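Asks: For reference, the chains in residue letters:
2 protein chains.
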Amino acid sequence: MQEIPYKIYLEENEMPTQWYNVRADMKKKPAPLLNPGTLQPVTLEDLSHVFCTELAKQELDDKTPYFDIPEEIRSFYRMYRPSPLVRAYCLEEKLQTPAHIYYKFEGNNTSGSHKLNSAIAQAYYAKKQGLKGVTTETGAGQWGTALSMACSYFGLDCQVYMVKCSYEQKPFRREVMRTYGAKVTPSPSMTTEVGKKINAEFPGTTGSLGCAISEAVEAATKQEGYRYVLGSVLTQVLLHQSVIGLETQSALRKYGVKADMIIGCAGGGSNLGGLISPFAGEMLRGEADYELIAVEPASCPSLTRGKYAYDFCDTGKVCPLAKMYTLGSGFIPSANHAGGLRYHGMSSVVSELYDQGLLKARSVEQTEVFKAATEFARVEGILPAPESSHAIKVAIDEAIKCKETGEAKNIVFGLTGTGYFDMYAYQKFNDGQMSDYIPTDEELDKSLSQLPKI
Amino acid sequence: MQEIPYKIYLEENEMPTQWYNVRADMKKKPAPLLNPGTLQPVTLEDLSHVFCTELAKQELDDKTPYFDIPEEIRSFYRMYRPSPLVRAYCLEEKLQTPAHIYYKFEGNNTSGSHKLNSAIAQAYYAKKQGLKGVTTETGAGQWGTALSMACSYFGLDCQVYMVKCSYEQKPFRREVMRTYGAKVTPSPSMTTEVGKKINAEFPGTTGSLGCAISEAVEAATKQEGYRYVLGSVLTQVLLHQSVIGLETQSALRKYGVKADMIIGCAGGGSNLGGLISPFAGEMLRGEADYELIAVEPASCPSLTRGKYAYDFCDTGKVCPLAKMYTLGSGFIPSANHAGGLRYHGMSSVVSELYDQGLLKARSVEQTEVFKAATEFARVEGILPAPESSHAIKVAIDEAIKCKETGEAKNIVFGLTGTGYFDMYAYQKFNDGQMSDYIPTDEELDKSLSQLPKI
Numbered sequence: 001m002q003e004i005p006y007k008i009y010l011e012e013n014e015m016p017t018q019w020y021n022v023r024a025d026m027k028k029k030p031a032p033l034l035n036p037g038t039l040q041p042v043t044l045e046d047l048s049h050v051f052c053t054e055l056a057k058q059e060l061d062d063k064t065p066y067f068d069i070p071e072e073i074r075s076f077y078r079m080y081r082p083s084p085l086v087r088a089y090c091l092e093e094k095l096q097t098p099a100h101i102y103y104k105f106e107g108n109n110t111s112g113s114h115k116l117n118s119a120i121a122q123a124y125y126a127k128k129q130g131l132k133g134v135t136t137e138t139g140a141g142q143w144g145t146a147l148s149m150a151c152s153y154f155g156l157d158c159q160v161y162m163v164k165c166s167y168e169q170k171p172f173r174r175e176v177m178r179t180y181g182a183k184v185t186p187s188p189s190m191t192t193e194v195g196k197k198i199n200a201e202f203p204g205t206t207g208s209l210g211c212a213i214s215e216a217v218e219a220a221t222k223q224e225g226y227r228y229v230l231g232s233v234l235t236q237v238l239l240h241q242s243v244i245g246l247e248t249q250s251a252l253r254k255y256g257v258k259a260d261m262i263i264g265c266a267g268g269g270s271n272l273g274g275l276i277s278p279f280a281g282e283m284l285r286g287e288a289d290y291e292l293i294a295v296e297p298a299s300c301p302s303l304t305r306g307k308y309a310y311d312f313c314d315t316g317k318v319c320p321l322a323k324m325y326t327l328g329s330g331f332i333p334s335a336n337h338a339g340g341l342r343y344h345g346m347s348s349v350v351s352e353l354y355d356q357g358l359l360k361a362r363s364v365e366q367t368e369v370f371k372a373a374t375e376f377a378r379v380e381g382i383l384p385a386p387e388s389s390h391a392i393k394v395a396i397d398e399a400i401k402c403k404e405t406g407e408a409k410n411i412v413f414g415l416t417g418t419g420y421f422d423m424y425a426y427q428k429f430n431d432g433q434m435s436d437y438i439p440t441d442e443e444l445d446k447s448l449s450q451l452p453k454i
Numbered sequence: 001m002q003e004i005p006y007k008i009y010l011e012e013n014e015m016p017t018q019w020y021n022v023r024a025d026m027k028k029k030p031a032p033l034l035n036p037g038t039l040q041p042v043t044l045e046d047l048s049h050v051f052c053t054e055l056a057k058q059e060l061d062d063k064t065p066y067f068d069i070p071e072e073i074r075s076f077y078r079m080y081r082p083s084p085l086v087r088a089y090c091l092e093e094k095l096q097t098p099a100h101i102y103y104k105f106e107g108n109n110t111s112g113s114h115k116l117n118s119a120i121a122q123a124y125y126a127k128k129q130g131l132k133g134v135t136t137e138t139g140a141g142q143w144g145t146a147l148s149m150a151c152s153y154f155g156l157d158c159q160v161y162m163v164k165c166s167y168e169q170k171p172f173r174r175e176v177m178r179t180y181g182a183k184v185t186p187s188p189s190m191t192t193e194v195g196k197k198i199n200a201e202f203p204g205t206t207g208s209l210g211c212a213i214s215e216a217v218e219a220a221t222k223q224e225g226y227r228y229v230l231g232s233v234l235t236q237v238l239l240h241q242s243v244i245g246l247e248t249q250s251a252l253r254k255y256g257v258k259a260d261m262i263i264g265c266a267g268g269g270s271n272l273g274g275l276i277s278p279f280a281g282e283m284l285r286g287e288a289d290y291e292l293i294a295v296e297p298a299s300c301p302s303l304t305r306g307k308y309a310y311d312f313c314d315t316g317k318v319c320p321l322a323k324m325y326t327l328g329s330g331f332i333p334s335a336n337h338a339g340g341l342r343y344h345g346m347s348s349v350v351s352e353l354y355d356q357g358l359l360k361a362r363s364v365e366q367t368e369v370f371k372a373a374t375e376f377a378r379v380e381g382i383l384p385a386p387e388s389s390h391a392i393k394v395a396i397d398e399a400i401k402c403k404e405t406g407e408a409k410n411i412v413f414g415l416t417g418t419g420y421f422d423m424y425a426y427q428k429f430n431d432g433q434m435s436d437y438i439p440t441d442e443e444l445d446k447s448l449s450q451l452p453k454i
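Sequence order for the protein chains is A and B. So the first sequence is numbered by the numbering used here: it starts at 1 and just counts up by one. So the second sequence is numbered by the numbering used here: it starts at 1 and just counts up by one.
Be careful, since some hints might not be right.
Pulled a few chain A residues facing chain B out of the computed Cβ check, cut under 10 Å [to be verified]: (1) N109; (2) Y290; (3) Q427.
The set of hints was computed from the structure by calculation and includes no laboratory data. Computed from a prediction, not measured in an experiment: that's the story for all the values here. C-beta atoms are modelled at their ideal positions from N, C-alpha and C, and glycine is treated no differently.
Please construct the entire structure, taking both the sequences and the accompanying hints into account.
Replies: As structure tokens, this is what we get:
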């Protein structure tokens, strides 16, 4: 076997030419989205009012296993992809573990995360359809930044509704978006009907992704030549993000490494879904077996404590309903510092894989997560995003277990991004002022009791 | 000729095994450092009170052309090196230029800049000497961050004096350093004699690299088991930074590309010196010819408006004197946003190459620099550091000239880092509130009149 370098870089010509649609290999498919008015499965026409037509087609297609990546998107990908699969030699040594730890690093681009993989695809299809611009929401700001970059590349107008607590904690994220020409509004705002309503109902709310989605959808449908785009949860997003898993698969194959365990952080499921899809595909086709693990914050535990049911994707209830693991669309998580993991529900593809037992889930508390993040930063050099650090925490836990059992497992995790815009959170941690928050059963019961009866 | 990829990554085994010392190929050597007490050339013993012994040796050696890079340092380099040489296809297309533009991108690590190349070397030699810790100053915060990372890797204590205006503009930089375990003090502080003196003399001063250096040197010499380390100006730093130029040279050779022009931003000269050294070496040996261009801010124009003379390296006059292009050690530049380019002098190696005519220099104003930065970010995806953007500005200017003349020049520039911690500056620019400041002749005459008479 070849010696494994610190960073495995695929050649540009080894970059995937197609995205992989895991639904095609699932015998039991994720349940369809439902029209919020009729409660019937959404049609292409329904979706095309909100989304670009090509993206709506991708959303609905659960049969086609591979979609060609258009050359214009591949050309953009080449600016920051293939991303490295890094062998964490220094972390292994620090932990004195026999395990081999690998991480797929998606933070080497200005958006600081994997979100760019789908942003550029969505901007491309919007441009191709002749639109003027797009609207979206952003939580941690990673998606908004990615979309700003993508829109700037294709000359599209970009309007971002940013969850208020992130807007306030991350003024510099806003400036990155503005530098790329985007308009950024804190959500809930007074510029939309739904925003006004939410502000009236919950004065002083720091917002949620669910609210921001409703505002962005409203803004898209009220402006001629605009559509709404979304950075997570949707299956089209997981499709685009499959580029992460496909590259990981190629890089591992190139060096003859068989992963035992693949770990990803899970908010709406975009990174996790993209990372695990090709591996889940192998499992579904009976070709291989892996231990797939989703890691979510204890403060927003949709997989580990939520219910698998149809629910609204947004607080304003204007979007289609999805069957997913959910905490209820009224659930507003505590102001924890992993802004990207504060969504009440989970991608229906990830939810279905979880329900079928192909995927496990764990929840972790944020103080432990920042401890793992700091440990990782100090030996591996990269200062990780709070979101990504959820995966680091579990990877370290597993590597320590290997130390106890003596197993030399191959542990792969997704390092979705960098924490350069999360220093407010690190400051809290450095000052010993970070706290943990876990919702009580009563709180969850309350928000789950409001699930729609379907 | 092979098709040139967007990003040329050398293999790990193509990474340089030796640093290159350009002084060895210079017939006329840079003038020696002088002991501030005796005004005689410094001895190894003089320097060893302040610097680690091995580094002091490197500082004084102008004969040995190559120094082996210790394996421990190469091992750390592998975490983020070789860094990519990027072909700026998108920028070329945007500018509609026949020129081919390449940039050596040093920002793909958490310190966000090339500074890590020397930080890890200096921390290594400090550790090898059995020291407890090191002290240093930082301007923009890039060097301090790099040193924090390096010290954390080798388990050394790290004390950073941060120029006050950067400390205030960049609270998050401070947190990155703290996350890596460093102690950060705004300079001028009240913790050193020299800091107290400067605060008394210039109440409300926002500081300068010159002051911060004096404080850090004082702190190092007053603590047992500590030495002072510096991120720029010194020839040892240029030696370590030669890894940038050596990789650039290898990458260009690999694809049969002959650079016509090599452009770097210049503060103290660490990046510029490292980037151009191997190319200047070829020129000095009569093997090739290049147009080498240093770009400095109009607000701190040491090469273009300074004097080539012996001067103090620090405001407190505790460091050795260097012969260099200088604005006078009492020069305090306006609070412009390229914190890394606010030093009053220029590396004596870079100064001598400039004086011998091997290197040209240009100064540019910051509003134009941010315009170029934004243009670059929007097409190339990377949000550049204000410092690096000085080089971008001139690279764009040159590419536009090529458009006029029809020449297909190969333009190479150093993209030293990312601007993720400079969003306050971008915000000023985005809000149209950025101004330019050029020192008057009278101001420069005044600070230059205080040069030591040697």
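Asks: All the hints need checking, so say for each whether the structure fits it.
Replies: A quick look at each hint next to the structure:
The interface hint given for A:N109 holds, since its Cβ lies 6 Å from the closest Cβ of chain B, which is under the 10 Å cut-off. Hint on A:Y290 is violated. Least Cβ distance to chain B is approximately 27 Å, over the 10 Å limit. The closest approach between the C-beta of A:Q427 and any C-beta of chain B is roughly 5 Å, which is under the 10 Å cut-off, so the hint is satisfied.
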